[in-house]
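Protein chains in written order, with this note's numbering: chain H, 1 to 349; chain L, 1 to 349; chain E, 1 to 349; chain Y, 1 to 349.
Please keep in mind that the hints were generated in silico from the structure rather than gathered at the bench. Since this is a predicted model, take the numbers as computed values, not measurements. Check before you lean on any hint, since a few could be wrong.
Copies of the same chain look alike in the list, so a pair counts if it works inside one copy or between any two.
[Claimed, not checked] Okay, derived cross-link-like pairs now, SDA-like style, lysine to any residue, Cα gap no bigger than 25 Å in a straight line:
{"#": "1", "residue 1": "97", "residue 2": "229"}
{"#": "2", "residue 1": "95", "residue 2": "192"}
{"#": "3", "residue 1": "193", "residue 2": "208"}
{"#": "4", "residue 1": "95", "residue 2": "188"}
{"#": "5", "residue 1": "95", "residue 2": "120"}
{"#": "6", "residue 1": "116", "residue 2": "276"}
{"#": "7", "residue 1": "116", "residue 2": "254"}
{"#": "8", "residue 1": "116", "residue 2": "126"}
{"#": "9", "residue 1": "116", "residue 2": "262"}
{"#": "10", "residue 1": "116", "residue 2": "41"}
{"#": "11", "residue 1": "3", "residue 2": "339"}
{"#": "12", "residue 1": "116", "residue 2": "307"}
{"#": "13", "residue 1": "95", "residue 2": "210"}
{"#": "14", "residue 1": "116", "residue 2": "258"}
{"#": "15", "residue 1": "3", "residue 2": "25"}
{"#": "16", "residue 1": "116", "residue 2": "260"}
{"#": "17", "residue 1": "95", "residue 2": "138"}
{"#": "18", "residue 1": "116", "residue 2": "304"}
Protein chains: 4
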Amino acid sequence: MHKLAIIGASGFTGAEFLRLCAAHPNFEVVIATGESQAHRPIADLYPNLASAYGNMVFTPHNDELISTIEASVDLVLMGLPHGHAQTLVPQLRGKVKHIIDLSADFRFNDPSVYPKWYGEAHQAPELLNEFVFGLPELFRDQLPGAELTAVAGCYVTTASLALAPLVKAGIVEPTGIIVDAASGVSGAGRPPKDNTSFCSVDEDFSAYGLLNHRHTPEIEMAISGYAGVDAQLLFTPHLAPMNRGILATCYGNLSDIGATTETALECIAEAYTDEPFVVVDQRSPSTKTTLGSNTVHLTARVDERTQTVIAIGALDNLVKGASGQGIQCANAVLGLPEHTGLPTAGLFP
Amino acid sequence: MHKLAIIGASGFTGAEFLRLCAAHPNFEVVIATGESQAHRPIADLYPNLASAYGNMVFTPHNDELISTIEASVDLVLMGLPHGHAQTLVPQLRGKVKHIIDLSADFRFNDPSVYPKWYGEAHQAPELLNEFVFGLPELFRDQLPGAELTAVAGCYVTTASLALAPLVKAGIVEPTGIIVDAASGVSGAGRPPKDNTSFCSVDEDFSAYGLLNHRHTPEIEMAISGYAGVDAQLLFTPHLAPMNRGILATCYGNLSDIGATTETALECIAEAYTDEPFVVVDQRSPSTKTTLGSNTVHLTARVDERTQTVIAIGALDNLVKGASGQGIQCANAVLGLPEHTGLPTAGLFP
Amino acid sequence: MHKLAIIGASGFTGAEFLRLCAAHPNFEVVIATGESQAHRPIADLYPNLASAYGNMVFTPHNDELISTIEASVDLVLMGLPHGHAQTLVPQLRGKVKHIIDLSADFRFNDPSVYPKWYGEAHQAPELLNEFVFGLPELFRDQLPGAELTAVAGCYVTTASLALAPLVKAGIVEPTGIIVDAASGVSGAGRPPKDNTSFCSVDEDFSAYGLLNHRHTPEIEMAISGYAGVDAQLLFTPHLAPMNRGILATCYGNLSDIGATTETALECIAEAYTDEPFVVVDQRSPSTKTTLGSNTVHLTARVDERTQTVIAIGALDNLVKGASGQGIQCANAVLGLPEHTGLPTAGLFP
Amino acid sequence: MHKLAIIGASGFTGAEFLRLCAAHPNFEVVIATGESQAHRPIADLYPNLASAYGNMVFTPHNDELISTIEASVDLVLMGLPHGHAQTLVPQLRGKVKHIIDLSADFRFNDPSVYPKWYGEAHQAPELLNEFVFGLPELFRDQLPGAELTAVAGCYVTTASLALAPLVKAGIVEPTGIIVDAASGVSGAGRPPKDNTSFCSVDEDFSAYGLLNHRHTPEIEMAISGYAGVDAQLLFTPHLAPMNRGILATCYGNLSDIGATTETALECIAEAYTDEPFVVVDQRSPSTKTTLGSNTVHLTARVDERTQTVIAIGALDNLVKGASGQGIQCANAVLGLPEHTGLPTAGLFP
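Here chain H stands alone, though its shape is the one from the complex:
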């Protein structure tokens, strides 16, 4: 039984770590921190976890935290807001065998991405090259035994899994790609805001982050890294009136080598043979069928009329798009089968 600490357990991805770990046969959560919710029972903030974590309280982020982790924990799962991991990882490093971070703080090797897309310089650029990028279906090799893992973002996982095999196969041109995606509201996190109140979102559909959403360079990096080309794309996210789920509808220019819908589907299916969490099919992927599971659904179409390839992916942003993928990475890091303790069947309806 591996002992785990969850740093940032009061946010949605932290709480999802707690939910998933409760069903994991090899994981025991011994610490769950929550700065704004310190000392509050987990069951009070998340009554859904009352049965599983009845008496546990959120631990504060104080001076003792690092030494407690060092004394009692094998692996740390982190679900903090952007920027916080940059200061915490340097403190934790060396005190615990493995750190799995869900934030974007260590996803890029190139420190220049941070001022350009995140608005400020990185606080620990010397660590960027130490991190493994956590998207197992595309980049699995370096995960076993990794000390530091930066898990891929939710939009990034959806779009990259759909597009990367097609770009690598040369079916889709690496530039001129459009990624048009929609997310459920949980992607915006737990703290209440004007634009995520029920009365703002319910019965609404609208785009946000026009032109400059932070996941843009990460999708480009993931596809480029897998396909060995320089991908460039325009990414437009939308907010959909639902709790969870991401659908990415991706458009690329059909290359000169050509393809049909059948060959495009085969290309994707072959890339993910034997993957326990990937379903490739003719069906149009639906976010709802992935609810609560670590499964991603993919499809593709080739439009001869406009010489365009459509690739579509759907997943649960808090599971395969965050905490589930984090645990998949933890499994890989620890040498467990990747699917250990992770649900593949979605909750429907």
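Once you've looked at the hints, dock chains L, E and Y against the given chain H.
Same frame as chain H, but now just chains L, E and Y:
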């Protein structure tokens, strides 16, 4: 006071005609037909209309209908499923001064569109050239006094109003356009189906009609007709878990003449100066803000990095996307101010 | 044309006043205040009002406000949070002919209600007897010409319209009544809170305000006042995952005079003969059919097995439950037909 | 590993059996029948199960079914529409060791309930006394080894778990009880209907089954059986715009022995000490916190003013209200710990 008949009043667009006519100062509905609901009180199928149409029942589609219309009605509003107008319009023509049809049955001048996109030959191709296309902001000239009007479709109105000025101005290339759109469930009509049941749709987001949705040639026609070029585009609709609303996020290649976000917004704003139902703004359009109103919200962005223009439109698919636009057309046909009796303020929240 | 000021126009009930006034043939809004949103364009906070109030901004609550109102306004509509009207009404009184207040600040004649149910003593108890209670279908007589009107609350209107005729007729015993109700989220107001964020509310149903919700004494007062008996009841509100709508399912003990479902329905129907905003029917009332309208739907059943009467009411909490009823009261106060400018047909779907 | 057949696997409760069995360490589903969906891949109707049941198809209800079950199955889980089990159980009996039925077909010992509340006489009344009632927290004794189990209904489980301890303790009078409940739409089953289409339900709240819902006598039976008194109650269900979840808000007259909120809560908490699936707390139960789990949340309040006790329960109608409870019963029947393979942590948000 103009006397109106609503043919197909038991469907969602027909019921919306009833709702809007109840508040129209110059319209009196004297007949409301409903084949499957004949003789049933309107208030029984649509309790929302109980106060306004307390004792009225749906009239059957029998032999007397045409003569009753001839005797008592100035203008017919039609909200029938695809194909039905093709047989009814030849019977009605000459018996009533004005017909406003919401279906796609008479939107195209070119009869070859029907077998290609709608799966069967047109039943009355000789009438196709007699119809005026009902999208007043783009094609207003022929509406006053028109005998036959084919109102533009919901997706078509949204995408065309956003794109047409930019293509006409030469800012957006006429080919290589992507229209990625999402619709509320009311667009699928009233009869219950597997894919529009609450448990199928709620908390789900997915694409449908991949590659071959019927609105594709109509959007191309509207933009081409307004801009005077041959537009070609790929259209992908999605189903969003909400009652009403369409958002179209449109991507086009920035042309050599170039543009900035500011000039693109100015281009659209100028095209719709003094239009009572068009709001052009920097804000990202939201379907929710259009609920129940005949208003469309538009914006645009220019991405220098990828040389792409984004144009976004939002409207209520049953109002500006159907019955409200039908009444706007009826107003124009009858010489009334176009905004007569139509709400411009949306219901929020 | 009457000139109006809306005080508290940035909240949901204030914004609904703006929406409804935009379609009112006799009302012109000349001032709309919003303390937290002062100087911000209305269209920026409420894009749904962009077409109707294009360039208008929220006016601050400063020293000039009272004199501006005195100089330019016939009637003031107030939609402030609880407690604010207690300080503002004394300042406004005498400066404007009519004040219509949506808050609970002046609904009770008995000042002891305030410390008991609202937690603090009233600031202007001498004014309590000056206010007319604004629930026209039950208490219409004093409205014409009234200087000060306190509009009934949303739950109060729903439950009282359903129960009052049955209690007055002696069919339902005045004590032992249960009012079990559900409301859409807009009832909680615009500012974002933990318990009204989308991710808290969507797909959830739960009770709140157990035992001590503030509307309890007001429902008792309305029924008692209309029926001429001392009613006592237990009220339990629930939060439902929808924007608008209140449904009140009320249970009362069948009295010794007895009744059947038919006679109970007749009793209610007779009480509201010729009311433009009340629909009494065998159908189970649905909140959705009232959306955006000032209409209330009512039904009743008598259960012989348990000797219980069920009375059910449904309405839109922001219209008949707040701003629409406020305008209905304003119409009555000003001598206009009560239904002037108010929608009776709900938006469906 | 126990071999299971799921009869009626194409409905929502059958599909939920499939989802839960996929994560159960001791269960292997070898047959899943679906009459209307025979020979169709499970993954085609339920893409959420694609990862877990990739190649399995729905088996038809033909002559071979019984002999196949006899040859290969230890336990049958049944999720058929009302009435079907009455003809199937007599055929299956003796061919398989254990049958767990989710329908109401064998819940009552008294055959007269069926014509009165279900509208027709029972087809196999001689079997009624052979069935054990499957609500483990109240009636656990007879489950181990039981051949035939009739699992309690969804509303019944919610209301009975909340009320039964209070009635048994004499705190709540056994007559004059009101059960006011709300359910998500999945309770109405998979086939599309007018009243469960998205556009009917979304943004709506309404009551149904007024006075005569079939769960009424079953709630009375469960409370009476546990408390040893004759309970009588009026039950009113409502439909809420959400996929899953039942909340029952129950009102009872406080008895002469009296109680406070504290003693009422203690009474319930003591009744369920050590139950893995019951959470008793001061918090108002929320359906959302139970999503996907077999957990029920309970609370209570005593209102001295009206001498009324409120008891509230919340659960997931497809898990603790149906298939999860069915598996809990199967565990008990087979001698496994009741919580084996069942999730206790709900999915949030």
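Results for each hint:
When the C-alpha separation of residue 97 and residue 229 is checked against a cutoff of 25 Å, the pair qualifies neither within a copy, at 34 Å, nor between copies, at 61 Å. In this homomeric assembly, residue 95 and residue 192 never come within 25 Å of each other (Cα to Cα): the closest approach is 34 Å inside a single copy and 40 Å across copies. In this assembly of identical chains, the alpha carbons of residue 193 and residue 208 lie at most 25 Å apart whether taken from the same copy (15 Å) or from different copies (22 Å). Taking the closest pair of Cα atoms, residue 95 and residue 188 never come within 25 Å of each other, the shortest separation being 31 Å inside a single copy and 47 Å across copies.
Proximity of residue 95 and residue 120 under a CA criterion of 25 Å is satisfied in neither setting, with 28 Å inside one chain copy and 55 Å between copies. For the homomeric pair residue 116 and residue 276, neither the shortest alpha-carbon distance inside one copy (36 Å) nor that between copies (41 Å) is at most 25 Å. Taking the closest pair of Cα atoms, residue 116 and residue 254 come within 25 Å of each other only across two copies (23 Å); inside a single copy the shortest separation is 30 Å, beyond that limit. Proximity of residue 116 and residue 126 under a CA criterion of 25 Å is satisfied intra-copy only: 18 Å inside one chain copy versus 60 Å between copies.
In this assembly of identical chains, the alpha carbons of residue 116 and residue 262 lie at most 25 Å apart only when taken from different copies (22 Å versus 39 Å within one copy). Within a single copy, residue 116 and residue 41 get their C-alpha atoms no closer than 40 Å, and across copies no closer than 32 Å, so neither meets the 25 Å cut-off. For the identical chains of this complex, residue 3 and residue 339 are neighbours both inside a copy (18 Å) and across copies (23 Å), given an alpha-carbon limit of 25 Å. In this assembly of identical chains, the alpha carbons of residue 116 and residue 307 lie at most 25 Å apart only when taken from different copies (19 Å versus 33 Å within one copy).
Taking the closest pair of Cα atoms, residue 95 and residue 210 never come within 25 Å of each other, the shortest separation being 41 Å inside a single copy and 49 Å across copies. Proximity of residue 116 and residue 258 under a CA criterion of 25 Å is satisfied inter-copy only: 24 Å between copies versus 36 Å inside one chain copy. For a Cα distance limit of 25 Å, the shortest separation of residue 3 from residue 25 qualifies both inside one copy, at 12 Å, and across copies, at 23 Å. In this assembly of identical chains, the alpha carbons of residue 116 and residue 260 lie at most 25 Å apart only when taken from different copies (20 Å versus 38 Å within one copy).
Neither within a single protomer nor between protomers do residue 95 and residue 138 lie at most 25 Å apart by alpha-carbon distance, with minima of 29 Å and 50 Å respectively. For the identical chains of this complex, residue 116 and residue 304 are inter-copy neighbours only, at 15 Å across copies versus 37 Å inside a copy, given an alpha-carbon limit of 25 Å.
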